[in-house]
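A.B. asks: Read the sequence shown against my numbering and you will find it ends at 404, with the numbers running on by one and no gaps.
Because the hints were derived from the structure by calculation, they are not lab data. Nothing here was measured: the structure is a model prediction, and the numbers come from that model. Heads up, the beta-carbon is just placed ideally off N, CA and C, and yes, glycines get one too. Certain hints may be false.
Stated by the list, open to error - Quick list of simulated restraints, FRET-style, between CB atoms:
(1) Thr119 with Ala168: 40 to 46 Å
(2) Ser372 with Pro201: 26 to 32 Å
(3) Thr248 with Asp381: 19 to 25 Å
(4) Thr207 with Asn135: 40 to 46 Å
(5) Thr248 with Ser372: 43 to 49 Å
(6) Gly384 with Ser231: 20 to 26 Å
(7) Asp385 with Pro353: 28 to 34 Å
Claimed, not checked - Derived pair list, reagent style DSS-like, types lysine-lysine, alpha-carbon separation capped at 25 Å:
(8) Lys327 with Lys347
(9) Lys130 with Lys154
(10) Lys338 with Lys327
(11) Lys322 with Lys275
(12) Lys399 with Lys383
(13) Lys383 with Lys322
(14) Lys164 with Lys148
(15) Lys347 with Lys276
(16) Lys322 with Lys338
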Amino acid sequence: MYQKWRSYIFSVIIFLVFILIIFLNLLQAPATFPVDSIYTVEKGVGLNTLTNDLLAKQIIKSGFWFKAFSVILGGAKGIIAGDYVFNNEQNVVSIAYRISHGDYRLTPIKITIPEGLNITEISQIISGKFPQITEEAFIKFASSSEGYLFPDTYFFLPNVTAVETVKVMQDNFSNKISSINIDIINFKKPVSDVIKMASIVEEEARTEETRKIVAGILWKRLSLGMPLQVDSSFKYINGKGTKDLTLADLKIDSLYNSYKYKGLPPTPICNPGLDSIIATITPNSTDYLYFLSDIKGDMHYAQTFAEHLRNKELYLD
Numbered sequence: 088m089y090q091k092w093r094s095y096i097f098s099v100i101i102f103l104v105f106i107l108i109i110f111l112n113l114l115q116a117p118a119t120f121p122v123d124s125i126y127t128v129e130k131g132v133g134l135n136t137l138t139n140d141l142l143a144k145q146i147i148k149s150g151f152w153f154k155a156f157s158v159i160l161g162g163a164k165g166i167i168a169g170d171y172v173f174n175n176e177q178n179v180v181s182i183a184y185r186i187s188h189g190d191y192r193l194t195p196i197k198i199t200i201p202e203g204l205n206i207t208e209i210s211q212i213i214s215g216k217f218p219q220i221t222e223e224a225f226i227k228f229a230s231s232s233e234g235y236l237f238p239d240t241y242f243f244l245p246n247v248t249a250v251e252t253v254k255v256m257q258d259n260f261s262n263k264i265s266s267i268n269i270d271i272i273n274f275k276k277p278v279s280d281v282i283k284m285a286s287i288v289e290e291e292a293r294t295e296e297t298r299k300i301v302a303g304i305l306w307k308r309l310s311l312g313m314p315l316q317v318d319s320s321f322k323y324i325n326g327k328g329t330k331d332l333t334l335a336d337l338k339i340d341s342l343y344n345s346y347k348y349k350g351l352p353p354t355p356i357c358n359p360g361l362d363s364i365i366a367t368i369t370p371n372s373t374d375y376l377y378f379l380s381d382i383k384g385d386m387h388y389a390q391t392f393a394e395h396l397r398n399k400e401l402y403l404d
């Protein structure tokens, strides 16, 4: 009799352990749980539809337990629509609780856009921080805003869209530029020309003094009908800097080739900061017509082309 009871108790324990293992396994997150993702619960979605979608996307293992815990934990609240951030693996209990309580966990993400980046470079930063925004999507919406995406530090929610990031940076540009609107009007140049020139100044000079001198030289070249002949525009054409340029590059048939075509480029070549914009509308008047930056970043100026060639031999060759 004793042996019979021992055998019975042992069988029950084994059965309970088996059930517990199955139970815990179903509660665990799937091995392919989409970490660092955003899941959108659509407004008006039913519990069955939501459950099937969570199963299909391998966010939960058990539809039964998700439904059960959603009812137990949510009560009358039901399903709350919105974007849910999954930064790590979560079990079905946690997911049921979050979706029934609107626990989105949308913590703003800090992102810094330095001065002088073009939209392609900005798209790489954005897509690196927000995987749901592809470089192509950002460029699509920002393509007409080159020069007008203000370089700054931003805080975006994880579910931000490409359109929203572009608009925020555009609005920031408008806000920043408003402080110098009167100065731009007094400068008597179209805002579009100012931003195009500022984008070149941003790429060509680094300090307040050199920016103002370079701006003065470039505005003077335009007034004399000279081509701007700046190397920075080639970064926009083929990604090359001054050191990598060849004679063949200087002959590239592009409206951004300031050696081949006179005047300002069709669009800004980057997104300048406020300092470069201010320097562009407050240029220093000098006798110089040429400039170059050496390997240390120091600027050298010349009044004549002969002097400029000599500076190239002294500081670049």
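A.B. asks: Taking 28 to 34 Å as the hint, is the beta-carbon distance of Asp385 and Pro353 inside that range?
C.D. replies: At 31 Å between Cβs, range holds.
A.B. asks: Could you say whether the range 26 to 32 Å given as a hint is met by the Cβ separation of Ser372 and Pro201?
C.D. replies: At roughly 30 Å between Cβ atoms, Pro201 and Ser372 fall inside 26 to 32 Å, so the hint holds.
A.B. asks: Compare the distance between the alpha carbons of Lys399 and Lys383 with 25 Å, and conclude whether the hinted pair is satisfied.
C.D. replies: Given pair Lys399, Lys383 holds - Cα atoms ~14 Å apart, limit 25 Å.
A.B. asks: Could you grab the alpha-carbon distance between Lys164 and Lys148 and see if it respects the 25 Å cut-off?
C.D. replies: 23 Å, holds
A.B. asks: Quickly compare the C-alpha distance for Lys383 and Lys322 to 25 Å and report which way the hint goes.
C.D. replies: Within the cut-off at roughly 20 Å; holds.
A.B. asks: Given the hint that Lys347 pairs with Lys276, test it: the Cα-Cα distance must not exceed 25 Å.
C.D. replies: 23 Å, holds
A.B. asks: Can you confirm whether the C-alpha distance between Lys322 and Lys275 stays at or below 25 Å?
C.D. replies: Outside the cut-off at roughly 29 Å; violated.
A.B. asks: Could one say that the CB atoms of Gly384 and Ser231 fall in the range 20 to 26 Å?
C.D. replies: 33 Å, violated
A.B. asks: Take a look at whether the Cβ-Cβ distance between Thr248 and Ser372 falls inside 43 to 49 Å.
C.D. replies: This hint holds: roughly 46 Å between Cβ atoms.
A.B. asks: Against the range 19 to 25 Å, how does the distance between the Cβ atoms of Thr248 and Asp381 compare: consistent or not?
C.D. replies: For Asp381 against Thr248, whose Cβ atoms are near 44 Å apart, the range 19 to 25 Å is violated.
A.B. asks: Does the Cβ pair Thr119, Ala168 satisfy 40 to 46 Å?
C.D. replies: This hint is violated: roughly 25 Å between Cβ atoms.
A.B. asks: Would the hint linking Lys327 and Lys347 be met if the CA-CA limit is 25 Å?
C.D. replies: At roughly 16 Å apart (the allowed maximum being 25 Å), Lys347 and Lys327 satisfy the hint.
The structure is inconsistent with the numbered hints 1, 3, 6 and 11, although it conforms to all the rest.
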